[in-house]
Amino acid sequence: MSAPSARTRPATPAPPLNALLLQRILTAFIRDEVTKTGAAGVVLGLSGGVDSSLAAGLAAEALGPENVLGIEMPYRTSSPESLAHADAVAVKFGFETIRIDITPQLDAYFERFPDASAMRRGNKMARERMTILYDHSMRLGRLVLGTSNKTELLLGYGTLYGDMASAVNPLGDLYKTQVWDLAKAIGVPAAIVEKPPTADLTPGQTDEGDLGFSYEEVDHLLHAMVDHRYEAEELVAAGFDPAFVTAVATRVQRSQFKRRLPVIAKVSNRTIDRDFRYARDWGL
Amino acid sequence: MEPRFTVSLAQIKPRLADVPANLELYERAVREARGQGADLVVFPELSLTGYHLKDEVQAVGEKLDGPVLGRLRELSRDLALVVGFVEEASDYRFFNSAALLDRGEMVHVHRKVYLPTYGMFDENRYFARGGRIAAFDSRFGRAATLVCEDLWHPSTAHVAALDGAITLLCPSSSPARGVRESTEQDDNARTWELLNRAYAVAYGIFVIYVNRVGFEDGVGFWGGSEVLDASGRRVVKAPYYEEAVVSCEIDLAAARRQRIMSPLLRDEDVDLTIRELQRIQGKPQ
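Chains as they are written, first to last, in our numbering: chain A, -19 to 264; chain B, 14 to 298.
What you were told as hints is all true, and nothing was included just to trick you.
Derived, one-sided and incomplete: chain A residues facing chain B with beta-carbon distance under 8 Å: (1) Asn(-2); (2) Phe256; (3) Gly263.
Since the hints were made in silico from the structure, they are not lab data. Beta carbons: idealized from backbone N, C-alpha and C, even for Gly.
For reference, chain B alone in the conformation it holds in the complex (with noise of 0.2 Å):
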């Protein structure tokens, strides 16, 4: 039997640089998602902590045996969380994380790999720059963490998919911005959801994309948390720009009959691609 579980989308709306009351708004969610059944509740970036930290970077951080992750740690006793914090490391780095807390342990950190440092982006400034792209085993089948900007990164999935997730788990503080004529939604919402749609049915993969919601400084977040099945179809869909806490079930047998009907990871060819690459690192710049 394929593991089958109920993930719940916590689209929560931190509270910037005040993780005690955004402690309290996880216990909100988790109660909530216990009444739908969750067995994985996964939450979005630096909801921990809120997310235009700036120079509260270092206050908020803490490192992972720090008493917050405990406090999270203990609430994973019974179903399982991805929580998004600051991580302090031990030689005073600083990185933008997401880890999976299951039955009081902490299974696997993801370090966000790639920082925007761009436009209204500023994360380079404040953060270290996470090292490993790695899948991972948990209950739920092998997954992958990959945080917000890591996956406009198509690499970054690519290696997830190669190293055997089935689940690309996915926390977000993706800002609303661009509007257009007759849209329901802006137009960064608009690209997540094509970049989402577009792993899902390129690797056969279940995709999990949590975003907040919520105002930084006149910076809206846009929600719209959505799980998207192994064939590219839509299994959930939170709302934009509020809060809410909605639940899908996952059943990973649907990913190996889409990769049986369309066995593309099977034929991807690694050793081509790494000799393209090598070839690609050795040309002069």
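Pulled out of the complex, with its shape left as it was, chain A reads as follows (with noise of 0.2 Å):
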């Protein structure tokens, strides 16, 4: 596929940085929508990238650094270099961290299942660590914090009940290159947010690699698409390749399941969800 050449910059905007800004908005969310709950502040996989690194120090400022927990979950595939930027992290911000390696129960259950593709063993990878945090949040009584941005949740790049499961996400309104930007402006380590991103999940893997385009182009694109409602025909005289937005827009139809509760067959008058009707945040 032919992504758009950074000569030819689509004619769109692309998404806006304003690191003060945000950093007021989130840092006033995360302390309001964790304090309100009762809850003794947060859990967080910690995996040495940009995004936990920047959720992990938006959190030490909004509740303190006593109330956040690093969780680092390596598994032995896992690069050296990541555990070492986890631990940067939590230097920088003043947290606290514990390792739990999830070796031993991930390879349990695969000896049974040695065929395994690398996507099952990655997605089992992201539940385990998902159950990993779960756990912590009842043992402490604190919530899940999430990680997961707005590209990410867009095109579907994420762990159903694994890496996207979380009661409180200050990053899923942010693209890839704002949390770069406000990863930067709060102080990450240079040498997390400038890394080329991964899942590490297998050795060598990129985001960028994955997906097939890089972060830059495809943030322009879908901020377009998605927060100023260009149509595709739009898009294309913008000068998007084609391809690219047809590939784009799929992705985000096909991934929507991701971003919604399981479907309930309704029987009743009043069904969860579709005419029971209440607010998350309910008496809260």
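Both chains are sitting in their own frames, so use the hints and assemble them into the complex.
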């Protein structure tokens, strides 16, 4: 697939960068949405990547570092650099971490399914990590802080009930390019902000390699498509490659199920989420 | 002498669907406003109930002679209040209403006319639409109440001004949304500030705008409550995104001077407008 070249940047607005304003809104969001539930703080999976680093930094500022616990959950193939980066973030923002190696539980399971694909193994890792986070959420009376950004959520580039699972997500309305900018602004170490993003499920994997386009390109497109509601033909007229527009629009549509609750068969007059409608913050 | 009074803007953070907790917030804000010499305290839209009520609208709704409004009437014995609440009508319709309470009496109730039902808003699903825009007399001079989205329809301010309002009371629950480079507030806040100022200038009218803060299901409210005088000058401004009670003095003589210098309302041709509106109304759709 040919992505738009850097030489002819499409004539639509790129996602806006305003770190000061986003920092203000997102720290207020974490403080408000966490404390009003009565939770004592947050736990989050700390991968050494930019998303969890940013979420942790914002949470430490919002709640105080003593109310943030980062959990490192490496598998035996995880890069040692990722762990070093996770440690560096914890030092930088002053919160505590624990490390839980998920190799034994993963390998015990896949002994029975030695031919399982990399995709199955990756999903399973993400879901094992989720169960650990929710266990510590219960142990400590803290909420699981989400780290999925808007680019991943729109593309469906995440594991349902795995890394997509959380109670409160400060990054879900930020494109990856906005995550980078904000991470830099709040002092996430440069080595983390500047390295190629990776799910670190298999050695040498990168997000942009998996996806087939760069975050900068796809953020530009998604921002025009989703936030500014450009139609496909308008996107092409603005300079986006037609095949790229179609591929991304299809990904967004096909991953819609990941962004919704399971479908419930309606039999009563008042079905949950269809005509039984309450805010999640009901009474909070 | 034209009325002079101190108004306090109660930029509070209501709890969703928890009226007793919000009544406490009201009482606390009133104490703080009293310390600032307030004669009038204006609260945000639906601040007695929270905003994203959905199916809880009916549960928190109250008739005008209900106990919570009774408690607030008591609270208004020595200083007036503008309160935002869910009003249950005698025919069991529910309105997004704002009332002026003063000296234990309900002086005026405005039922929100324009109920946003698009994008993130769903008000018309739960509320009935108000049917009147009218100015009323009070010890703060002639005023009109317009609730949040009402203000995005210039016809409401136009009618209120022509009906003699010198002051617009504007309770709001306005969400923070839209970010652009190098601004200290979100896009929606900037738009509101433009609207408030435009009405003040166009009609020589005081605009008392009170927005809430806090989050409901991730939706933040930007605060930034403000008073514009009749020349469009900002007299007081509350911080963005944080709870605050801020106050200023309003001297309606300033509106008099402004309207003498710039008699736009005097020159407004109501008959012409009505004729043209009737022509437009009669046009085949």
